[in-house]
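Dock chain B against the given chain A, drawing on the hints supplied.
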Amino acid sequence: MADRRPRDKISIMPFDRDYFIDGRKVRLKIEKGAEENGLAAQIDDRIFHLAAFVDGDHEIVMRFGEKNIVAFVVRQENAIVVHIAGKLFALESETGKRKLKRQAGEFNTANEVVTPMPGKIVKILVAAGDPVTARQPLVIVESMKMENEIRSPINGTVGSINFAEGDLVQPGQSIIDLKPSSAES
Amino acid sequence: MFSKILVANRGEIAVRVIRACRELGVKSVAVYSDIDEHSIHVRMADEAVRIGEAPARNSYLSIDAIIGAARKTGAEAIHPGYGFLSENPGFAERCEKEKIVFIGPSSDSMRLVGDKVASREAAAGAGIPLTPGMTGKSTDPARCVKAAKEIGFPVILKASAGGGGKGMRIIRDERELESAVEAGMREALSAFGDASVYLEKYIEKPRHVEFQILADKYGNAVHLFERECSIQRRHQKIIEESPSVIVDDDLRNRMGRTALKVVEISGYSNAGTIEFLVDENRNFYFLEVNARLQVEHPVTELVTGIDLVQAQLRIAAGEKLWLNQADLRQRGHAIECRIYAEDPENNFLPSAGRIDFMKEPSGPGIRHDCGVGSGSEVSVYYDPILSKLIAWAENRQLCCRKMAEALKNFPLIGIKTNIEFLHDIITHPAFTSGDLSTAFISQYMADWSSKRDAAVEDLALIAAAAHEMLVKDKKTIGKVAAAQPSCWETLGEWRIGGQGTR
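First to last, the protein sequences are chains A and B. Numbering-wise (the working numbering), the first sequence opens with residue 1 and increments by one. Numbering-wise (the working numbering), the second sequence opens with residue 186 and increments by one.
Derived by calculation from the structure, the hints in this document are not laboratory data. Every value quoted in this text rests on a predicted model; they were computed, and no experiment measured them. There may be inaccurate statements among the hints.
Stated by the list, open to error - Below are the DMTMM-like pairs computed for lysine to aspartate or glutamate, each with C-alpha atoms no more than 20 Å apart in a straight line:
#1 B:K284 with B:E306
#2 A:K87 with B:E530
#3 A:K123 with B:E222
#4 A:K87 with B:D358
#5 A:K120 with B:D379
#6 B:K636 with A:D167
#7 A:K123 with B:E361
#8 B:K257 with B:D293
As the list claims (entries may be wrong) - Looking from chain A toward chain B, a few residues come up when the C-beta cut is under 8 Å (computed):
#9 A71
#10 V74
#11 V82
#12 E142
Backbone N, C-alpha and C define an ideal beta-carbon position, used for all residues, glycine too.
Here chain A stands alone, though its shape is the one from the complex (with noise of 0.2 Å):
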């Protein structure tokens, strides 16, 4: 407490800046309400007016007047990742050209299959130039003595194959390049 520095030192940041979540864009803006202790939020043209409170890193308290709601919240790299209610929510800072999921971890990109975990290639199941739906299988690969199918993030055609029936890959190495039907990219 002998530190404690000075109030008007404390940075209390307005904030106003686009995310993504689940691939649909929204405007997020916070700032200091009329009253005190009050913060205003507003989603896109919806407003909120609050209390909140963070305690260690990650927990939040808010309180909508008398409704508590507690949240933990992470930031990550290039999202903002929020456990609520039991559910996971991942707001995406990046220009949303990737379709975003809902917490961090995930190695596919729209246009490659990677393998999240280190392993070998068991089976191809597509050669180049194949129609592929989303959520297709396309690679089984072995790993932690499993066989695990990869599938495919996109609908889309095969690309080039990287790999052959028997290699080992790492995690986060393409396996197959895709091309996305026109209407995904």
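For chain B alone, kept in the frame of chain A given last:
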């Protein structure tokens, strides 16, 4: 009792065993691979020995490395946990030769029950009910195809040396047969070093009911009632409970007696599990013996009050069984949910990475057996189990509610997990009404995705914005923690229910 034991495992089960050691005043030795150096089980143990590189075959499956670690630290016994070397009779035998106590059955008994084909034959000889199946195991696809046609579809293919659902396949018609047999053999060979498989009649909508047993080295044994483990994905259990809603007192007595018969004919000692299938008409069929401590042992501990890991240590140290069947009771209801690092929206694909933040659920009747925490790296090298959440309550209905609440209040951010998926199972009307079968997930949860709720999404957006505003350092999480001496400072004038100064 031993003065020091080595725990030849990692993650939550190593933590569980080390805890039991401490409670009994036994020193513990952890072993670790390179990537596990900073993990929780290593920190908790009295001593820790590096046993090799990350891939399990170079560390947790390396018999020489583990025996070497036991020699080096003077451990008198080895607890194998589950998975890895726990059901490897070669390892148990090596321990016997090295005069180190293996905490589990003898290598002979393990060899008998571990060979599913031999154990089926032994069980059939003792009049224990079995599902119709192929006689003997095979590495010949043509023979399997012939046997399948004789048994009649659907059939289930299993790895002879198997466990944990690996190599297992349900085959419904002739067209799938050949490729399924080949894929099953491939998986069996890579997982267990033995491609032999066998086939059994597949029982539709079966329930998986197993009995926990404890047997000492002098022929005394008790059973600690049943666990129902019907909720499975990819043939691996994810929710287990005790008691089972399908088992009444009469069936319990009959199955319990059968379980003890299996113990008797196999000369089994220590903790073990006798697995059965129960069909829709409450007929039961012996499946196999799991010669180890099971992942789901906590539900039995909560309903019987017996600490199974402590019991394992006492039995291995030569103590005579101190429990009588007549004194054992099931009290209340317990449910376990296995928390996996996996993506239920994408075919349960394992997910790896750093756990940015985790807050364990707590409260009366909640137990969390866990091997990770905030900041832990979840590796892709091992089984993706993170922890087990176990709830106990007076009855099943209250237990389901308790579990649902605990799962809802379990933030785990950074990797994908099955927490929300488990919550949706526990609150599903078919689950709460007790309508369980091993087909539950394909029947009720196929193509599951997280249900989105616009009002909750709004709150999430507001929480994110408010958090950004109130946590002033805009850098990454690690930096925020370092630059933030106290949350009260950051809080400043936004503190609720008080002045800005103390």
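Here is what the structure says about each hint:
Taking the CA atoms of K284 (chain B) and E306 (chain B), the gap is near 32 Å; set against the 20 Å cutoff, the hint is violated. Pair hint K87 (chain A) plus E530 (chain B) holds up; C-alpha atoms about 14 Å apart against a cutoff of 20 Å. The suggested pairing of K123 (chain A) with E222 (chain B) is violated, with an alpha-carbon distance near 34 Å, which exceeds 20 Å. Annotation: proposed proximity of K87 (chain A) to D358 (chain B) is violated, straight-line Cα distance about 40 Å (limit 20 Å).
Between K120 (chain A) and D379 (chain B) the alpha-carbon distance is near 18 Å, which keeps this suggested pair within the 20 Å criterion. Proximity of K636 (chain B) to D167 (chain A) is assessed by CA-CA distance (about 38 Å); at most 20 Å being required, the pair is judged violated. Proximity of K123 (chain A) to E361 (chain B) is assessed by CA-CA distance (about 17 Å); at most 20 Å being required, the pair is judged to hold. For the proposed pair K257 (chain B) and D293 (chain B), the alpha carbon gap of about 27 Å is over 20 Å, so the pair is violated.
Taking 8 Å as the C-beta cut-off, the interface hint given for A71 (chain A) holds, the closest approach to chain B being about 4 Å. Look at V74 (chain A): its Cβ gets to within about 4 Å of chain B, closer than 8 Å, so that hint holds up. Interface restraint check: V82 (chain A) against chain B, minimum CB-CB distance 4 Å, threshold 8 Å, status holds. Among the interface hints, the one on E142 (chain A) holds; its C-beta lies about 6 Å from the nearest C-beta in chain B, closer than the 8 Å criterion.
In summary, the structure is inconsistent with hints 1, 3, 4, 6, 8 from the numbered list given earlier, while agreeing with the others.
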